[in-house]
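Sequences and hints are given; from them, build the entire structure.
Residue numbers (my numbering), protein chains in the order written: chain A, 459 to 757; chain B, 75 to 335.
Simulated from the structure, these hints should not be mistaken for lab results. Treat the numbers as computed from the prediction; the structure is a model and nothing was measured. Please note that the accuracy of each hint is not assured.
The calculated lysine to any residue pairs, modelled on SDA-like cross-linking and capped at a C-alpha distance of 25 angstroms, are [unchecked claim]:
1. B:K171 with A:S593
2. A:K725 with A:A683
3. A:K477 with B:K332
One-sided excerpt, in silico: chain A residues whose CB lies under 7 angstroms from chain B [to be verified]:
4. I515
5. Q534
6. P544
7. L565
All C-beta atoms in this analysis are idealised placements derived from N, C-alpha and C, irrespective of residue type, glycine included.
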Amino acid sequence: MNAISTTNLTKYYGSRRQKSRGILDVTLTVPEGDFFGFIGPNGAGKSTTIRILLGLIAPSGGLAELFGKNVLSRKQDILSDIGYLPSEVNFYSGLRVRDILRLSADLRKQDCSDEARRLCERLELDPSRRIDELSLGNRKKAGIVCALQHRPRLYILDEPTSGLDPLMQREFYTILKERNQEGATVFLSSHVLSEVQRYCRHAAIIREGRLLVTDSVEQLGHTDARRVTLYGVSKAPALEGIKLEKYPVQETSEANSVSFLYSGDPKALLSALAALPLTDLTITEPDLEEIFLHYYGNE
Amino acid sequence: MTIWKHELRTGRLSLLIWTAAIAFLLAVCIFIYPEMSVQMEEISDTFSQMGSFSQAFGMDQINFGEFIGFFGVECGNVLGLGGALYAALIGISALAKEEKEHTAEFLLTHPVGRLRVLAEKLAAIGTQLFLLNGFVIMITALSIILIGETPDVSTMLLLFLAYFILQLETAAICFGLSAFLHRGSMGLGLGVAGIFYILNLIANLTEEAACLKYLTPFGYAEGTNIIADGSLNGAYLAVGILLAATGIFVAFFRYSKKDIV
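Spelled out as structure tokens, the structure:
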């Protein structure tokens, strides 16, 4: 069964005269048990997609289903199975962390006190602290416990690690991996590509409201584009397939060097390189960040 | 009833302050009555013959020298206006505050339907108004006993019932408005209560503007009329109930489809 399935999902904001596009024709499938990364720059449509999945906003067109249930007609059923962490965590002021955790559990009609205590210990969060006194990171931790304490089937996490220090990020992903190994599905949006590459099995890239590509993280890394770094020259050869203008050239430690993405004919590259006074060169597979920039910069 | 309990908990300080303020002012008015009543016999006629001013506050219809008459005017100003302001504030902020403070995202991503959220928030508003009025009635009764007055209990209860309905209607109309707001708007709530109060004053001034009494809950909650007639004006009350029902219906209709952005 698919945990998430969307078909031509579209959302416009604003009035009919001044409508702006949120997302357009987003078709996405996340199988149950997957660890899925949803990648895109700010304003690409990640949060809009997530808000439709959670029933916070209604789509202008298309279909969204979670566990085979329509998000419009079966919202309450669906939300019982979801743990959601927003990118900016906001709670009712004047309450303590334990009050918020209990409120969240009560709204789910569950007793999550044991699990909440375990999670607070692992994330080093003091449940007796007042919400108003919490730092951004601790507020995020409280949001994480809210999202995880009822052990849902699907975790929808919007920029989950923003505000967390590296140690807490590692602990958080350790917990997520444990939950994923127990069968839960993880769907997280991020623009921290290294964490998507490290933890996710599949990923989708969204840009300006349109889904550009969906594939396994491994396959996304396998592209015909190559990162070429030349030493001993300061200008790249004039070749078709070189993405110098659109893609940022990587800084190299050597002053007399140049680095670029190349996705053209390898023989043409080798011929061009043979004519250059090179002292050294490397040709590597680009990492996910470069793949992202490849799609991001592709007009 | 999780949301109901949560609403009562987060609103308890505001409830406490408004209840204490209204009860205190009412008690002060009651305690100054014995001293005032000595002079009242003389100035009651003056009060009732001040033309438009007397009409606006309904003082031409009752004997200001009797406790119930004095209470009808003071009660009208303190509990009527004070209660309406509090009702408007809790009504207007019920839904809008969730979006202003970005807590709607937290609440609505739990398995609770929006209709249940609305119903429990409405129930919490009703409960808060009930508690406010209950406490105010207790303090009023105690104060009356202490000054040794014995007003007609049924008339007093009718007055309190009218103000309770006034508060419910004001809260319901503001609740409907709240569903359209993305940010909290205390100013709008206070404005609604203020406009209702002023509409009634204008309606009292001239016969031509008397139809305004249909639009304001102060129309049926006019203490002086209630004391004089021994009942609430049925036509004004019916329109008031219709307006309150419309406010609630609009809130349900709008909020069930609203995008939480």
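What are the numbers of the hints that this structure violates, sorted from low to high?
none
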